[in-house]
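Each chain, letter by letter, is given below.
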Amino acid sequence: MLMVAGLIATQPLAVRSQTVGSLEPRLGQTLVTLHQAESAGATPSEIEALVALLNKALELDNEALKLNAPDQAQRRIGLLAQVEQILTTVENRTTELIAVASQRSFNDRVLTYVGGAIAAVLGTISYAFTVSFYRKYRIKRTFQMRVTRK
Amino acid sequence: MSFMSSQNRRTLIAVFITLLVVCEMVVYVATTPRPREQFFQLYVLGAKHMAADYYPNNDTDIRIGEPVTWYLGVTDNMGSVQLISIRVKIANQTIKPPDDMQALESPAPVVTEYMRFIQDNETWETPLVWSISDAVSVAGSTRILTLLINNETYQLQDCSAINGHNFRLIFELWTYQTHNDTFQFGWVTNSEHRVAWLQVWFNMTSARPAGG
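Top line first, the protein sequences correspond to chains A and B.
Residue numbering for the first sequence follows numbering that gives the first Met the number 0, beginning at 0 and increasing consecutively.
Residue numbering for the second sequence follows numbering that gives the first Met the number 0, beginning at 0 and increasing consecutively.
Think of the hints as simulated: they come from the structure by calculation, not from any bench.
Be careful, since some hints might not be right.
Stated by the list, open to error - Covered stretches of chain B, as calculated for chain A (at least 3 residues, CB under 8 Å):
(1) 15-23
(2) 107-119
(3) 176-185
Unchecked claim - Examples of chain B residues toward chain A, derived with CB under 7 Å:
(4) L11
(5) V26
(6) T30
(7) S79
(8) V80
(9) L82
Stated by the list, open to error - The following label-pair restraints were derived from C-beta to C-beta distances:
(10) B:P32 with A:Q143: 51 to 61 Å
(11) A:A98 with B:A29: 18 to 28 Å
(12) A:T94 with B:D60: 50 to 60 Å
(13) B:F38 with A:N67: 33 to 43 Å
(14) B:T177 with A:V99: 17 to 27 Å
Ideal placement from N, C-alpha and C gives every residue a C-beta, glycine not left out.
From just these sequences and the hints, can you work out the full model?
What follows is the structure, given as structure tokens:
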């Protein structure tokens with residue numbers, strides 16, 4: 000009896016698992032463009048809006064997968080159309096974001112390096128004035144010196 | 000008469016070049032992102048949002064229809080947006096858990112999965128309210144037939160354990176790999192394959208007798 004129970008208990012478990020959506024390659028492409036936007040310098044708040052849309056698409060796709068009855072076909076088609084629309088919107092916005100973010104990053108970088116150059120110029124001017132004042136001070140001190148007999 | 004002597008001019012040019020190099024190096028260091036460790040965190044919390052109270056009345060023996068509340072969460076520290084999937088699997092004592100060393104998933108069957116896009120430094124958390132809807136006892140072996148997870152019913156086949164002891168729910172973190180368009184168990188960082196998974200054990204000793 001125990002052996003039978005043991006055999007039942009040790010056999011592989013079979014579960015009817017939930018089907019994964021057929022969106023994966025499309026989501027992968029969107030993920031790649033999102034990574035490009037992040038590399039281009041998109042801010043977390045800009046990415047957040049796109050991620051929220053993508054999660055909405057996942058929810059709708061999940062909902063569509065559950066509609067298997069023939070009378071739910073129309074609703075399923077409607078949901079999948081919404082998913083498609085959201086993904087297209089995200090792709091378009093991501094492409095725009097890549098252009099805007101890379102231009103902004105380039106401008107920021109140029110400004111920062113120019114700032115470095117300006118700092119170097121100011122440093123040099125400060126150095127020149129300091130040296131100049133020091134020399135004038137030394138000359139003044141030299142003329143103020145008194146010669147005393149020892 | 001020149002503004003300054005040629006020696007002074009040379010000195011100033013040398014000072015300017017030195018300062019320029021130093022300032023631009025400071026700018027470069029300040030604006031270049033530092034490499035950081037890339038990882039995910041996966042957690043399961045109990046009903047009170049703590050790493051405790053995983054079972055109703057602190058009794059690991061779950062009864063039919065008794066709801067169990069957990070919180071399942073993932074934190075993305077990969078430095079970029081990630082598409083993740085948490086796969087919920089059910090296993091008994093004999094089925095292998097995931098292998099950390101080989102980065103292999105558990106052969107236990109998938110009950111359900113949760114897919115989500117998460118941003119860098121974002122934590123995504125979802126409540127996981129589950130209960131055993133139906134289970135039978137056959138010759139000393141308890142078989143769970145249906146699980147209810149977040150108000151959705153999942154049919155299980157041949158999910159059994161001796162006397163209903165040592166069932167477990169396994170949570171595996173999978174990530175989407177853009178280079179081959181598939182989900183992979185764990186993630187790759189610095190050419191190293193890492194995995195994150197959790198398991199929570201439970202018993203189910205109050206199944207109805209078969210045919211009852």
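Q) For the pair B:F38 and A:N67, does the Cβ-Cβ distance stay inside 33 to 43 Å? A) Once the Cβ atoms are compared, 38 Å apart, the range 33 to 43 Å for A:N67 and B:F38 holds.
Q: Hold the hint about B:V80 up to the distance rule: shortest CB distance to chain A must be less than 7 Å.
A: Nearest chain A Cβ about 5 Å off; hint holds.
Q.
So, as I understand it, the hint says B:V26 touches chain A; can you test that by seeing if any CB pair is closer than 7 Å?
A. holds (4 Å)
**Q.** Within 8 Å of chain A's CB atoms, at least three CB atoms from the region 176-185 of chain B: coverage verdict
**A.** It holds: at least three residues are needed, and the region 176-185 of chain B offers 4 whose Cβ sits within less than 8 Å of chain A.
Q) Taking the least C-beta to C-beta distance, is B:L82 closer than 7 Å to chain A? A) It holds, given that the least Cβ distance between B:L82 and chain A is near 5 Å, below 7 Å.
(Q) Taking 18 to 28 Å as the stated bounds, is the beta-carbon spacing between A:A98 and B:A29 within them? (A) holds (26 Å)
Q: Against chain A, run the beta carbon of B:T30 and see if the smallest gap drops under 7 Å.
A: holds (6 Å)
Q. Measuring from beta carbon to beta carbon, are B:P32 and A:Q143 in 51 to 61 Å?
A. holds (57 Å)
Q: Using the beta carbons of B:T177 and A:V99, state whether their distance is inside 17 to 27 Å or not.
A: At roughly 23 Å between Cβ atoms, A:V99 and B:T177 fall inside 17 to 27 Å, so the hint holds.
Q. If you look at each residue in the region 15-23 of chain B, do at least three have a Cβ nearer than 8 Å to any Cβ of chain A?
A. With 6 residues in contact (Cβ-Cβ under 8 Å with chain A), the coverage given for the region 15-23 of chain B holds.
Q) With 7 Å as the cut and Cβ atoms as the points, is B:S79 at the interface with chain A? A) holds (5 Å)
Q: Using the Cβ atoms, figure out if A:T94 sits within 50 to 60 Å of B:D60.
A: holds (55 Å)
Against the hints set out earlier in the document, no violation occurs for any number.
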